[in-house]
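A.B. asks: Here are the chains, one letter per residue:
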Amino acid sequence: MALLHIAEPGQSSAPHQHKLAAGIDLGTTNSLVATVRSGQVETLPDEADRHLLPSVVYYGKTAVLVGNPALEYSLTDPHNTVVSVKRMMGRGLADMQNNQQFHSYRFAQNDSAVPRIITQAGEVSAIEVSAQILATLKQRAVATLGGELDGVVITVPAYFDDAQRQATKDAAKLAGLNVLRLLNEPTAAAVAYGLDAGNDGVIAVYDLGGGTFDISILRLNKGVFEVLATGGDSALGGDDFDQAIGNWILAEAGLDKLATHAANPVLIRSVLQHARRAKESLAQQPQTDINIEIEGLHWQGCLTRERMQALILPLVKNTLLACRRVMRDAKITNDDINEVIMVGGSTRTLLVREKVGEFFACEPLTSIDPDRVVATGAALQADVLVGNKPDDSLLLLDVIPLSLGIETMGGLAEKIIHRNTVIPVAKAQDFTTYKDGQTAMAIHVVQGERELVDDCRSLARFELRGIPPQVAGAARIRVTFQVDADGLLIVSAKERNSGVEASVDVKPSYGLTDNEIETMLKASMDYARDDMLQRSLREQQVDARRTLEALDAALAKDGDELLSAAEKDSIMQARQYLLDNIDNNDAESIKAAIKQLESDCEAYVARRMNSNIRHVMQGHSINEYSENKE
Amino acid sequence: MAITMTQAAADRVNTFLAHRGAGIGLRLGVKTTGCSGMSYVLEFVDEINADDEVFENHGIKVIVDKKSLVYIDGTELDFAKEGLNEGFKFNNPNEKDQCGCGESFTV
Chain A
1 MALLHIAEPG QSSAPHQHKL AAGIDLGTTN SLVATVRSGQ VETLPDEADR
51 HLLPSVVYYG KTAVLVGNPA LEYSLTDPHN TVVSVKRMMG RGLADMQNNQ
101 QFHSYRFAQN DSAVPRIITQ AGEVSAIEVS AQILATLKQR AVATLGGELD
151 GVVITVPAYF DDAQRQATKD AAKLAGLNVL RLLNEPTAAA VAYGLDAGND
201 GVIAVYDLGG GTFDISILRL NKGVFEVLAT GGDSALGGDD FDQAIGNWIL
251 AEAGLDKLAT HAANPVLIRS VLQHARRAKE SLAQQPQTDI NIEIEGLHWQ
301 GCLTRERMQA LILPLVKNTL LACRRVMRDA KITNDDINEV IMVGGSTRTL
351 LVREKVGEFF ACEPLTSIDP DRVVATGAAL QADVLVGNKP DDSLLLLDVI
401 PLSLGIETMG GLAEKIIHRN TVIPVAKAQD FTTYKDGQTA MAIHVVQGER
451 ELVDDCRSLA RFELRGIPPQ VAGAARIRVT FQVDADGLLI VSAKERNSGV
501 EASVDVKPSY GLTDNEIETM LKASMDYARD DMLQRSLREQ QVDARRTLEA
551 LDAALAKDGD ELLSAAEKDS IMQARQYLLD NIDNNDAESI KAAIKQLESD
601 CEAYVARRMN SNIRHVMQGH SINEYSENKE
Chain B
1 MAITMTQAAA DRVNTFLAHR GAGIGLRLGV KTTGCSGMSY VLEFVDEINA
51 DDEVFENHGI KVIVDKKSLV YIDGTELDFA KEGLNEGFKF NNPNEKDQCG
101 CGESFTV
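Protein sequences, first through last, are from chains A and B. Using our numbering, the letters of the first sequence map in sequence onto residues 1 to 630. Using our numbering, the letters of the second sequence map in sequence onto residues 1 to 107.
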């Protein structure tokens, strides 16, 4: 018979309606699956009682291997073994080719926006590799729970942008999983520690994984989590510790740095593996022996904890800088923080715990295995979302990491949803047409903090067609941005007079460079003044072109009729002056030229007005107007 | 009339109750739903109702409502492991037939 589990009072489900749910931590180095059974959350081990599944996939001639069996091939057959695939999610080809950590792969040269790695089993994308990992975890969960999963919660770094989140969802779909929602890793960690049941306060989550560093500031208010701010570095983690140690090993052995051995992936991986082992044993012991015996490198030596700490100190300091920035973002100080949660295997490194404790001036929470804490929180959340705990309203609020907006005339980015807005959210803004008789509008969705579209990340483009021809500025086009709980965006545009509409599910362009959000934010600060000047220049240029267009239309219609030759000459001179100034990059001079042209046109504008009124009233008697008035 | 449980089941229930941090004991019962007539109920108990019978087993209170007791009298609750899967099992002498999946039964 089926094996049963204890339910909460009154929550026993009817047979065949057991809702099976799981939380998945899809990590850079390791992945995990966890579930809630009989009120207790646990990570699920495989047949060999291993909880962590190495996020490694080996593409063999006849079979695809995932996890530990694949790990063995990462040394002997690096071309066909994909590691740290999470770092490739949502990235473009150029991005990967310029990055040293992807050097052991061969990429297919094609026009596709999604880069494909060449393996002996064919070409694979990062999404397909992730799907293999997810499918393996799914299998494990199904075998353990004795039934198909109704839904899963998958965690992603708070820093993942839309492209990376969408890629994660696509991978889950490919693995045949129903994603209840994507959950930010730090938020999951706070749930795992049960802080939702604790006192209100501010919580910092310091998550140093294999490949990413996230620092998040959460506020707990009456049992509800709100993410005040997130920050970090999407390319800093335990792997970098390994790199630093690996470079030291090579230097001691009289060889050049790791980066120079791109042609010898076996050497790189072997050195890194020894570095990782040394790092892990130094969490327990004051020193450790290293012994490398491979072709081209025979070395043995001893690494002390002090030496290792000196090697990784600059990296740890980098994480603390990010902590300081995010606290500034959240407008809080050390004193406001009640708890610090340590997440990610790299927080086992003693130096990290020590420095983080010093920085936040409080003892970090480390009682839950830092490798499992995120999956634990995800499982708890999945249990709620799938409907096993209907009374429990654990509502998690996340924020948008970068502002979302659209391009307006002059290449300016108009922000519609601002950074750090709590999601889910929907916001609308009205726009109008620029030219007389304009019947279509191109909508370009961008993400970023900068003022010019060129400096932001392009997410999608679509067109709203069928706008009834009207004079410029008469159409009312409402653009609505909707971000769901997973941080995915739907943009729609509707012309309100005619009701025509168009929309786009932001199908993020994978091919775009993954500009680090940190860099983008920093740039928006560094270039704040430039951006402001650029914005006012572009605005003046748009204004000038609109003025010229209106003037030319008027002159063509009745210029000769209403103006003397001298008057027309003076207007044409002012017009030329504006035209000459429009491209010189000075907002003030353009503004002055527009003003000059407007003042030269004053008499003309007044005459046009009179002539228009005369024209309209011709053939009507005064009485008609007074009657109408009544 | 009695309901019993194995040591393995008792140990598990103890762990779960301790982890939950609240609850008097464990409720066993039946519901008249399911593809084959009845299905088992296994829940934590926060309060005992007037028509409940209470059995004590390995220091754990097993609570059964009188109506359910008719169907599960003599049952021994066990905790079993089948491959990766593990969970509680009702060894019910009244059970005549099960549906294919074993989630419901008839008496």
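No wet-lab data here; the hints were simulated from the structure. Be aware that a few hints might be false.
What the hints assert, rightly or not - Simulated pairs of lysine to any residue, SDA-like, Cα-Cα distance not exceeding 25 angstroms:
1. B:Lys61 / A:Lys557
2. A:Lys19 / B:Ala80
3. B:Lys81 / A:Leu412
4. A:Lys494 / A:Ala472
5. B:Lys81 / A:Pro45
6. B:Lys66 / A:Glu8
7. A:Lys19 / B:Lys66
8. B:Lys67 / A:Glu8
9. B:Lys81 / A:Lys557
10. A:Lys19 / B:Asn85
11. B:Lys81 / A:Gln139
12. B:Lys81 / A:Asp49
13. B:Lys81 / A:Arg50
14. A:Lys19 / B:Glu43
15. B:Lys81 / A:Glu148
16. A:Lys557 / A:Gln482
17. B:Lys31 / A:Pro424
A.B. asks: Does each hint hold? Answer for all of them.
C.D. replies: Comparing the hints with the structure gives:
1. B:Lys61 / A:Lys557: Distance ~96 angstroms between lysine 61 of chain B and lysine 557 of chain A Cα, so the pair is violated.
2. A:Lys19 / B:Ala80: 21 angstroms, holds
3. B:Lys81 / A:Leu412: Violated. Lysine 81 of chain B to leucine 412 of chain A sits at ~63 angstroms, over the 25 angstroms cutoff.
4. A:Lys494 / A:Ala472: At roughly 17 angstroms apart (the allowed maximum being 25 angstroms), alanine 472 of chain A and lysine 494 of chain A satisfy the hint.
5. B:Lys81 / A:Pro45: 14 angstroms, holds
6. B:Lys66 / A:Glu8: 20 angstroms, holds
7. A:Lys19 / B:Lys66: 28 angstroms, violated
8. B:Lys67 / A:Glu8: 20 angstroms, holds
9. B:Lys81 / A:Lys557: 90 angstroms, violated
10. A:Lys19 / B:Asn85: 16 angstroms, holds
11. B:Lys81 / A:Gln139: 18 angstroms, holds
12. B:Lys81 / A:Asp49: Since the Cα atoms of lysine 81 of chain B and aspartate 49 of chain A sit roughly 14 angstroms apart, the hinted pair holds (cutoff 25 angstroms).
13. B:Lys81 / A:Arg50: The hint holds at about 17 angstroms.
14. A:Lys19 / B:Glu43: 16 angstroms, holds
15. B:Lys81 / A:Glu148: Status holds; Cα separation ~19 angstroms.
16. A:Lys557 / A:Gln482: 44 angstroms, violated
17. B:Lys31 / A:Pro424: 39 angstroms, violated
Hint compliance for this structure: hints 1, 3, 7, 9, 16 and 17 are not met, and every other hint is.
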